[in-house]
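Which chain is which? The protein sequence lines are A and B, in order.
Just so we're aligned, residue 1 is where the first sequence starts under this note's numbering, counting upward by one.
Just so we're aligned, residue 1001 is where the second sequence starts under this note's numbering, counting upward by one.
Heads up, a few of these hints could be off.
Said to hold, decoys possible - When the alpha-carbon atoms are kept at most 20 Å apart in a straight line, the in silico SDA-like pairs for lysine to any residue are as follows:
1) A/K251 to A/A181
2) A/K118 to B/A1169
3) B/K1251 to B/R1184
4) A/K251 to A/P205
5) B/K1118 to A/T167
6) A/K170 to B/W1119
7) A/K251 to B/M1046
8) A/K118 to B/E1105
9) A/K170 to A/S264
10) B/K1118 to A/D104
11) B/K1251 to A/W119
12) A/K170 to A/R273
13) B/K1251 to A/G120
14) B/K1325 to B/R1313
15) A/K251 to A/T167
16) A/K60 to A/V22
17) A/K118 to A/Q52
18) B/K1251 to A/M46
19) A/K170 to B/M1046
20) A/K251 to B/G1120
Derived from the structure by calculation, the hints contain no laboratory data.
Number of protein chains: 2
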Amino acid sequence: MGVVVPIEEGRSDPEASLNDLVALVARDMERVNACILSRTGSEVEMIPEVAQHLIASGGKRLRPILTLAAADLCGYRAGDGAVKLAASVEFMHTATLLHDDVVDESDMRRGRVAARIKWGNEASVLVGDFLLGQAFRMMVEVGSLRALDILSAAATVIAEGEVMQLTAAKNTETSEDEYLAVIRAKTAELFAAACEVGPVLAERPRAEQAACRSYGMNLGIAFQLVDDVLDYGGASASLGKNVGDDFREGKITLPIVLAFRRGSDEERGFWRRTLERGEVEAGDLDAALAILRRHRALEDTTERARHYGAMARDALALFPNGPTKSALLQVVDFCIARAH
Amino acid sequence: MGVVVPIEEGRSDPEASLNDLVALVARDMERVNACILSRTGSEVEMIPEVAQHLIASGGKRLRPILTLAAADLCGYRAGDGAVKLAASVEFMHTATLLHDDVVDESDMRRGRVAARIKWGNEASVLVGDFLLGQAFRMMVEVGSLRALDILSAAATVIAEGEVMQLTAAKNTETSEDEYLAVIRAKTAELFAAACEVGPVLAERPRAEQAACRSYGMNLGIAFQLVDDVLDYGGASASLGKNVGDDFREGKITLPIVLAFRRGSDEERGFWRRTLERGEVEAGDLDAALAILRRHRALEDTTERARHYGAMARDALALFPNGPTKSALLQVVDFCIARAH
Chain A
1 MGVVVPIEEG RSDPEASLND LVALVARDME RVNACILSRT GSEVEMIPEV
51 AQHLIASGGK RLRPILTLAA ADLCGYRAGD GAVKLAASVE FMHTATLLHD
101 DVVDESDMRR GRVAARIKWG NEASVLVGDF LLGQAFRMMV EVGSLRALDI
151 LSAAATVIAE GEVMQLTAAK NTETSEDEYL AVIRAKTAEL FAAACEVGPV
201 LAERPRAEQA ACRSYGMNLG IAFQLVDDVL DYGGASASLG KNVGDDFREG
251 KITLPIVLAF RRGSDEERGF WRRTLERGEV EAGDLDAALA ILRRHRALED
301 TTERARHYGA MARDALALFP NGPTKSALLQ VVDFCIARAH
Chain B
1001 MGVVVPIEEG RSDPEASLND LVALVARDME RVNACILSRT GSEVEMIPEV
1051 AQHLIASGGK RLRPILTLAA ADLCGYRAGD GAVKLAASVE FMHTATLLHD
1101 DVVDESDMRR GRVAARIKWG NEASVLVGDF LLGQAFRMMV EVGSLRALDI
1151 LSAAATVIAE GEVMQLTAAK NTETSEDEYL AVIRAKTAEL FAAACEVGPV
1201 LAERPRAEQA ACRSYGMNLG IAFQLVDDVL DYGGASASLG KNVGDDFREG
1251 KITLPIVLAF RRGSDEERGF WRRTLERGEV EAGDLDAALA ILRRHRALED
1301 TTERARHYGA MARDALALFP NGPTKSALLQ VVDFCIARAH
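Could you put together the complete structure from these sequences and hints?
Here it is in C-alpha cells:
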C-alpha cells in the first residue's frame, strides 16, 4: 500500500468518497447483483465458472452504480429497468475485460490469475461473447430502443477503441490527442453510456441526457488517466495489478506520451528500445520511473485527470442539489484521489 | 472437386439448387451488400481491412439470403428492415468466424489465410466485437424489439454452443444427442433466428414465425452435418478447407461419434490416441478415413442430414406454394447435395 495523500481537506481515504454513493444505491445494487448472478447461469458449466471468477473477484462495480445513480438523479422510480441496464453495463464491462486479457496476453486481473490462464483463451473469448449476448438480452427486456441504441453504439465504439490501441500500441510517437481518442473510446464511452441511460429511462429532456453523458465521459477519462498513473505508482499494489504492467506490455499511456515529448534523444532511444522493440532488461523499470519523475509525467497526468474531473463536476450543474448529486460529485474525488 | 452424385433426378450441380433463391432476392441482396460495406467502415483503418478480408472472401451469404427470403415468403414489403436484419445476421456470423478461428487456432478460412494469421488474434477478437456491436446497432435501427430479442438470444446461444464444444472437444465418448445439442446451438440457432425474423418483421402470426424458425433450425443442423462430412470428403477442396482439418484439430463430429460407437476396442484406441491425446502420425488420416468408411459413418451422417432436411421442408408446409417457397425447398437440396 502506498502513502495516501489527501487532496481535499478532511478526506484521506479515497474509498471514503465512494461510500455515500454506494450507500445510496445499495438496495438496487443487491438486485443488480442477483441479476448478474442469475444471468451468468447456463447449463454449460464452464460459463458460470469463468464469468463468476471475474465477476466475483471484487471489482467496485462502479459502472452499474453510475447507471443506478444517474437514473435516481433523474427521478427514475419505475420498475426494474435501471437494475437490468446496470447489470447489462457490468456484463459489457466484464466481456471487455475477458477479451482484453486475451488481447494483452495478461496473466493477472484484479489480483487473481486471469480467466484465460485458468480456462484458456478460447473460454475467455467465448464467455465474453456469451456475456455480451446476455447484456443485449437484458436491454431488450427493458424495451427502451433509445437505451439499446446508446449501449449498442458503445459496444461498437469500445471495440473500435481497442483496435485503435492495437494500432497505436508500441508507437512512442503517439500524440496526447491520439491517446485521448483511444481512451475516450475504450474506457470513457462505457462510463458515458452507463450514465446516459439513466435519464433516458426516466424520459428526461435531452439536456439532462447530455449532461449525464458528459459527466460519465469526463469521469471515465479521468479514471483511465489515474489508472495509467497507478500502473507506475505506489498505490497500485492494492489494485492487484503489478506496478509496471503497462511498461512490460509496451503500452503507450499518457505518462509515456508526456515523458517522450519532454525527453532527450537518449531518453527517447530508451522508450523506443523498451516499448517499441520490447527489449526490456533488468533495471529498466526503475530507469523508466526515474525518467517519468524527471519530467513530472505522473504528476501532470494526474493534473490532466483533475481537469476532466472538473468537467465532469460542471456537467452536473444543471441538476438541483441533493444527496445523489452530491454523491456523484464525490465519485470524481474518488477517481482522482486514487492516484496518490 | 469430387464426383457429383445427383440425389434428385435432373439435379446434378448442388449450386444449381441455390440459383432460384439467389435470383429471387438478388435486388435486396445488393442493398444488403451495400449495407455490409458501409457498416464495416471505421476511421480505424484496421477494422474495414480485417472485416472485409473475411466478408469479401466469397461466402455464399446463405444466412442473410434466408432472412430476405423468409421475409418475402411472409409478404414483408415495408422498407429496409429485412435488409438491415439480413446484414446484422451476416455480421453476427462473421464475428463468430473471426472468434472461432482464434479459438480453433485455424490458419485458413474460405481458402484464404485466416484474419488472425494476417492481423493477429487480437485484431480478430476485437473486430469480431466491433461487428457484433454494429449488428446490434442495425437491429436497433430496425426497431423491432421482438427481432432484437430473437437475435440477441441467438448471440448468447451461439456462444454457449461454442463453449459446449470446447468442453465436449476431444471427448470421444460424446453421444449423438450431446453433439446435436452443440450444433443446434453453435450453427443451427443462427439459421433459425435468421429465418424467424422474417415473419416477425411482417407481423405474421406465431405459427408462421415458428414454422420459419423450425425450417431454419433443421436446415442449419443438416448444413452442419454435411459440413462434417465434407471435412472428411472429396468435395471439400472447393470449400478452401483442407480435408482432415477436424481430424487434426481433434474435433469430435458426428462421423466420429458414429464410428466410435460402432468400432472395435482397437479402433476406439485409435480415436483416443489421435483425437483425445492429439498424437497424430503420418498415415493416421488415411486410417481414420478407412475406419469411417468401414462403419459407413459418412454415409449415415449424410442420412441424418437428410432427415433434418425433411423436417425443414415439412416446416414450410403451412405456407401456400409459390416461387419463394419453392426456392426455399430447393435450398434444402443444396445443403444435402454438397455432401457428395
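Hint-by-hint comparison with the structure:
1. A/K251 to A/A181: Satisfied, since the Cα-Cα distance of roughly 15 Å is no more than 20 Å.
2. A/K118 to B/A1169: Roughly 17 Å between the alpha carbons, so the hint for A/K118 and B/A1169 holds.
3. B/K1251 to B/R1184: At roughly 16 Å apart (the allowed maximum being 20 Å), B/R1184 and B/K1251 satisfy the hint.
4. A/K251 to A/P205: At roughly 40 Å apart (the allowed maximum being 20 Å), A/P205 and A/K251 break the hint.
5. B/K1118 to A/T167: Given pair B/K1118, A/T167 holds - Cα atoms ~14 Å apart, limit 20 Å.
6. A/K170 to B/W1119: holds (15 Å)
7. A/K251 to B/M1046: holds (18 Å)
8. A/K118 to B/E1105: holds (18 Å)
9. A/K170 to A/S264: Measuring from Cα to Cα gives roughly 19 Å; hence the hint holds.
10. B/K1118 to A/D104: holds (18 Å)
11. B/K1251 to A/W119: Since the Cα atoms of B/K1251 and A/W119 sit roughly 18 Å apart, the hinted pair holds (cutoff 20 Å).
12. A/K170 to A/R273: Status holds; Cα separation ~10 Å.
13. B/K1251 to A/G120: Given pair B/K1251, A/G120 holds - Cα atoms ~17 Å apart, limit 20 Å.
14. B/K1325 to B/R1313: At roughly 9 Å apart (the allowed maximum being 20 Å), B/R1313 and B/K1325 satisfy the hint.
15. A/K251 to A/T167: Holds, because 11 Å separates the two Cα atoms, which is no more than 20 Å.
16. A/K60 to A/V22: Given pair A/K60, A/V22 holds - Cα atoms ~10 Å apart, limit 20 Å.
17. A/K118 to A/Q52: holds (13 Å)
18. B/K1251 to A/M46: holds (18 Å)
19. A/K170 to B/M1046: holds (16 Å)
20. A/K251 to B/G1120: Distance ~17 Å between A/K251 and B/G1120 Cα, so the pair holds.
Going through the hint list in order, the structure does not satisfy hint 4, though it satisfies all others.
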